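We have chain A already, so just place chain B on it with the hints.
Protein sequence lines correspond, in order, to chains A and B. Quick note on numbering: my numbering labels position 98 of the first sequence as 98, and the sequence is numbered without any gaps. Quick note on numbering: my numbering labels position 87 of the second sequence as 87, and the sequence is numbered without any gaps.
Every clue listed holds true.
To give an idea of the interface, some chain A residues facing chain B are shown, with a C-beta separation under 8 Å as derived from the structure:
| id | residue |
| --- | --- |
| 1 | Arg-127 |
| 2 | Pro-128 |
| 3 | Pro-129 |
| 4 | Leu-130 |
| 5 | Pro-131 |
| 6 | Phe-132 |
| 7 | Thr-133 |
| 8 | Leu-150 |
| 9 | Gly-151 |
| 10 | Leu-154 |
| 11 | Arg-155 |
Derived by calculation from the structure, the hints in this document are not laboratory data. Note that the structure is a prediction, hence the values are computed from the model and not measured. We treat Cβ as the ideally placed atom computed from N, Cα and C, and that holds for glycine.
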Amino acid sequence: MIMSQYGVTIHPIQLQFGATSMSPVTAVTGGGGGGGGGGWGAGVFALPLVAGLLAPLLLAGGGSQAPTAIAPPPPIVAGAVAPGAGPAAGAGGAAVLPVTGPARTAAVVLPQGPTRHAAVVAQRPGRPPLPFTGEDFRLPVYGGLQLIVLGAVLRYGLWSFDRGRRRSRA
Amino acid sequence: MRRATPVVRRSVLVLSTACFIAGAALLAWPFFHSAVSGYATGKAQAEALAAWDREPEQYASPPNRDMVLEIPRLGLRRIVPDGATVRQLQRYGVGHISWTAFPPIDPGTIPLQAGPAANTVGASATMDQASQTVGIAGHRTTYGAPFFRIGELVPGDQIILFYAGRRYVYRMDRRATTGPSDSDILDAGADHVALVTCTPAFSAAFRLIVFGRLESASASVAAH
Chain A
1 MIMSQYGVTI HPIQLQFGAT SMSPVTAVTG GGGGGGGGGW GAGVFALPLV
51 AGLLAPLLLA GGGSQAPTAI APPPPIVAGA VAPGAGPAAG AGGAAVLPVT
101 GPARTAAVVL PQGPTRHAAV VAQRPGRPPL PFTGEDFRLP VYGGLQLIVL
151 GAVLRYGLWS FDRGRRRSRA
Chain B
1 MRRATPVVRR SVLVLSTACF IAGAALLAWP FFHSAVSGYA TGKAQAEALA
51 AWDREPEQYA SPPNRDMVLE IPRLGLRRIV PDGATVRQLQ RYGVGHISWT
101 AFPPIDPGTI PLQAGPAANT VGASATMDQA SQTVGIAGHR TTYGAPFFRI
151 GELVPGDQII LFYAGRRYVY RMDRRATTGP SDSDILDAGA DHVALVTCTP
201 AFSAAFRLIV FGRLESASAS VAAH
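Chain A on its own, in the form it takes in the complex:
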């Protein structure tokens, strides 16, 4: 909603959350906070940080998956259909609708499904996978870094908020 008053026009910023568009709600500021609160008020700030740090740790497990063999569905080649002509299978497995007449427009290929896919992996039945020759060190490295950051936030972040509040109250 555009507001105009005294010659000043206010355009609200449109925030995009996925497919949803919304206007921001006017922030309600506290005006002093009411004193006290201690260091635990900083937990509100620490929680998103901790959640953000833990997110890649939780997602790290999915990174070691092998590329999935996904065969793309055959594209559909659309064109004009001759009267009485049925669909015929193309050489590449695509369903081709025959085109009649020389003045037809070029066929339009409509790909189905995702166009980016892993290479098709065909494993011979009974043949074991390739040997495991590595260690996945991402989990301990990410986990260790996150624990250290979490410890730093707990040790210094909370008390610094506490000190700042006490200083401002004094």
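Below, chain B alone, put in the same frame as chain A:
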């Protein structure tokens, strides 16, 4: 809201200290694991190579399926025992993949493409499973990290195998990266060797395969 009591403050301090210690331990784990496993694997390799050098004729007979792998560019020399099980790879760092072939006893019989068996295959493999390529797996970052720098090989580099009293010289010709389940990639032909390791380094998500093509085979009692 009230200020945190001393008990709460102390609890938070204890918790933060525990986080520091646990985080440091987790960060140190890869280095510790690499060092300990590298020491144990190096010791086993040194003993096996010393036995190979001491009694080469013992390894020249066909019942013995141990090989020696040499890659001059990387300064690598390792005993390759038969079998690439987890236990075997943890002990020696490298191992011959049992369902792949050994180097051909008579290189003159090698077919140009993968076809009828010209060379012997690991004992535990059936003919459906068998690959005619010589497959050798090795650790990338731990257990001595024999294949840590295998990505540095360029086409033309020598990959030398000593097996059954013969010296096989392969020339690196290509590399490939694939998933762990794509074992058919080792069907490169009887005149190829495939060095398999995990990639990227410090991850086990994919496999890096370096292929070498057989250039020559000559009689040699031992690897020196």
